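Engineer: Sequence:
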Amino acid sequence: IMATKNRLGSVNENEADKANRKLLVKNEAAPRPTRRAALGELSNRVLRSSSTSLKEAQGKLPDLKNVKPRVNTFWKKEELPGKIHRAIVKPSEAKKLPGSTTNLAIVKPFVAKKVPNLEKPAPLAQPETDFQTERSAVEGFATDASECHSNNLLSDVIDIDAGDEDSLIHMTEYVKDIFSYLVELEKKFPIEKEYMAKHEDLTPRMRSVLIDWINEVHYQFHLVPETYHMCVALIDRYLQQRKKLSRKLLQLVGITALLLASKYEEVMPPSIYDFVHIADNSYTDREVRQMEMSMLQRMEFNLSRPLPIHFLRRFSKAANATENIHGAAKYFLELISLEYSMVHLRPSLMAAASIYLALRLLRPTEDGSSVWTNTLEYYTNYTEGEVLKVAKDVALLVIEAPDSRYKAVFSKYKHKKLGEISILPEMSQGIIKTIINS
Numbered sequence: 058i059m060a061t062k063n064r065l066g067s068v069n070e071n072e073a074d075k076a077n078r079k080l081l082v083k084n085e086a087a088p089r090p091t092r093r094a095a096l097g098e099l100s101n102r103v104l105r106s107s108s109t110s111l112k113e114a115q116g117k118l119p120d121l122k123n124v125k126p127r128v129n130t131f132w133k134k135e136e137l138p139g140k141i142h143r144a145i146v147k148p149s150e151a152k153k154l155p156g157s158t159t160n161l162a163i164v165k166p167f168v169a170k171k172v173p174n175l176e177k178p179a180p181l182a183q184p185e186t187d188f189q190t191e192r193s194a195v196e197g198f199a200t201d202a203s204e205c206h207s208n209n210l211l212s213d214v215i216d217i218d219a220g221d222e223d224s225l226i227h228m229t230e231y232v233k234d235i236f237s238y239l240v241e242l243e244k245k246f247p248i249e250k251e252y253m254a255k256h257e258d259l260t261p262r263m264r265s266v267l268i269d270w271i272n273e274v275h276y277q278f279h280l281v282p283e284t285y286h287m288c289v290a291l292i293d294r295y296l297q298q299r300k301k302l303s304r305k306l307l308q309l310v311g312i313t314a315l316l317l318a319s320k321y322e323e324v325m326p327p328s329i330y331d332f333v334h335i336a337d338n339s340y341t342d343r344e345v346r347q348m349e350m351s352m353l354q355r356m357e358f359n360l361s362r363p364l365p366i367h368f369l370r371r372f373s374k375a376a377n378a379t380e381n382i383h384g385a386a387k388y389f390l391e392l393i394s395l396e397y398s399m400v401h402l403r404p405s406l407m408a409a410a411s412i413y414l415a416l417r418l419l420r421p422t423e424d425g426s427s428v429w430t431n432t433l434e435y436y437t438n439y440t441e442g443e444v445l446k447v448a449k450d451v452a453l454l455v456i457e458a459p460d461s462r463y464k465a466v467f468s469k470y471k472h473k474k475l476g477e478i479s480i481l482p483e484m485s486q487g488i489i490k491t492i493i494n495s
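In terms of our numbering, the sequence shown opens at residue 58 and continues consecutively.
Derived from the structure by calculation, the hints contain no laboratory data. Be aware that one or more of the hints could be misleading.
Stated by the list, open to error - Taking lysine to any residue pairs in the SDA-like style, the calculated list, with each CA pair at most 25 Å apart, reads:
#	residue 1	residue 2
1	K474	E457
2	K301	E251
3	K474	L419
4	K255	K320
5	K300	E349
6	K474	V281
7	K244	D258
8	K255	K305
9	K320	P247
10	K255	Y295
11	K245	T284
12	K464	D342
13	K469	S495
14	K305	Y340
15	K250	E283
16	K464	V266
17	K469	F278
18	K473	Q277
19	K473	E380
What the hints assert, rightly or not - Pairwise CB distance ranges, derived in the manner of DEER restraints:
#	residue 1	residue 2	range
20	S328	D213	50 to 58 Å
21	H227	S361	17 to 25 Å
22	N377	K446	31 to 39 Å
23	T440	D216	17 to 25 Å
As the structure is a computational prediction, the values presented were derived from the model and not from experiment. We put the CB at the ideal spot given by N, CA and C, even for glycine.
Input sequences plus hints: build the corresponding full structure.
Structural biologist: Here it is as structure tokens:
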């Protein structure tokens, strides 16, 4: 019985399979609707029927041999002639307008008439004073020295820019104009002497404490020297502009100035939250941003006051200074930044006095001649007498540095990677005492 049921089941399956095949053939013979049935069939239909051959399909087509094309004459109003003749269209002649009597005439070329010779103007009178003997426009500069960074090099002055045609920073063609412009800018943005006398809640000692702490933070963050010197300049400029400031906000001014200088000078400046953290969270990031806006508004968004380090690099090149001499001059500049009594000095004078003292200490002349050569006097535009006055004060700061309460600069320059400048024997004995007593 089970075998019979299986046989009957297989027969039923075979019959069902045959029925499905017949249905499939019928479906293939019938035209299938395409995807774009709503728009009509856009492509040639392919005969899919297996029983109908290609010849039978072609036989069903009508005989198109003698069928004439259908021409739509709906828009034709007149019948075309049997033959089409090509007509030559002649250009229509221009007709004269009624009342017009204008005749075209041959236009002759215009010939300019000769202008009678005018009398030549009399030559301008020569100025009474020679240009080379005029006084310098910048106050405080030596009047008997040559023009600062002039192109008219003196015979005994070395051209330190020769060979720098391809330098991106000190290109020969522009470098003299650049530093002449920096000299004008330092006159435009001066720092007043004893400007903190107008503050009731701040003292010069508080400023020195702040700058000493800023120097330490600057060293911990591994920032470039320009960032430190710009930070000091921003602090002094802001305190000079704002007459009343609470001592509780002095550190906020310091970290905000360092943030601004970092944004201006650094490739990857520290985050604002780094400065909030370094201040022991005494201020919020919102307070730092508010102080940042206040400082920029007070300084009218102008941060381009020249820095002493800019001039120092130029003067070190003029002095043909070694790495040790240049490092000592940088050390002197940072000591000057701590001293409130020297804050009013021009950046160029700070740099000139620093390189002068470094040359006197680390490269004294054997014959006792001056280290301040004509080349240095030309490129700095300061005489030896002018820089010696400032160099005496700097030498006193150098001797007092080991015992000073502000030790950030001294400790930093004790490191080997900075040449151990602050602990050199020349910084405490020998010529430096002679300079102070001279």
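Engineer: Against this structure, judge whether each hint is valid.
Structural biologist: Hints and how they fare:
1. Straight-line distance between C-alpha atoms of K474 and E457 comes to about 23 Å, which keeps the hinted pair within the 25 Å bound.
2. Only pairs whose Cα atoms come within 25 Å are accepted, and K301 paired with E251 is accepted, the gap being roughly 15 Å.
3. Distance restraint check for K474 and L419: the Cα-Cα separation of roughly 18 Å lies within the 25 Å cut-off, and the hinted pair is therefore satisfied.
4. In summary, the hint linking K255 to K320 is not supported, as the alpha carbons are separated by about 30 Å, beyond the 25 Å threshold.
5. With a C-alpha separation of about 17 Å, the suggested pairing of K300 with E349 holds against the 25 Å cut-off.
6. With a CA separation close to 15 Å, the supplied pair K474 and V281 stays within the 25 Å bound.
7. Distance hint between K244 and D258 is unfulfilled; the C-alpha atoms sit about 29 Å from each other, more than 25 Å.
8. Taken as a hint, the K255 and K305 pair is honoured in the structure, with Cα atoms around 17 Å apart against an allowance of 25 Å.
9. Only pairs whose Cα atoms come within 25 Å are accepted, and K320 paired with P247 is accepted, the gap being roughly 23 Å.
10. Between K255 and Y295 the alpha-carbon distance is near 13 Å, which keeps this suggested pair within the 25 Å criterion.
11. Note on K245 and T284: the hinted pairing holds, with a Cα-Cα distance of about 21 Å set against a maximum of 25 Å.
12. Only pairs whose Cα atoms come within 25 Å are accepted, and K464 paired with D342 is rejected, the gap being roughly 29 Å.
13. Simply put, K469 and S495 have alpha-carbon atoms about 30 Å apart, too far for the 25 Å limit, and the pair is violated.
14. Restraint check: the Cα-Cα separation between K305 and Y340 comes to about 10 Å, which is no more than 25 Å; the hinted pair holds.
15. Restraint check for K250 and E283: satisfied, since their Cα atoms lie roughly 23 Å apart, inside the 25 Å limit.
16. A threshold of 25 Å between alpha carbons decides the hint, and for K464 with V266 the separation of about 10 Å falls inside it, so the pair holds.
17. The suggested pairing of K469 with F278 holds, with an alpha-carbon distance near 13 Å, which does not exceed 25 Å.
18. A threshold of 25 Å between alpha carbons decides the hint, and for K473 with Q277 the separation of about 16 Å falls inside it, so the pair holds.
19. Between K473 and E380 the CA atoms are separated by roughly 13 Å; this keeps the pair inside 25 Å, and the hint holds.
20. Taken as a hint, the range 50 to 58 Å holds for the pair S328 and D213, whose Cβ atoms sit roughly 52 Å apart.
21. With their beta carbons about 19 Å apart, H227 and S361 fall inside the hinted range of 17 to 25 Å.
22. Roughly 24 Å separates the CB atoms of N377 and K446, a value that falls outside the hinted 31 to 39 Å.
23. Taking the beta carbon of each, T440 and D216 are about 21 Å apart, inside 17 to 25 Å as hinted.
Hint check: violations occur at hints 4, 7, 12, 13, 22; the rest are consistent with the structure.
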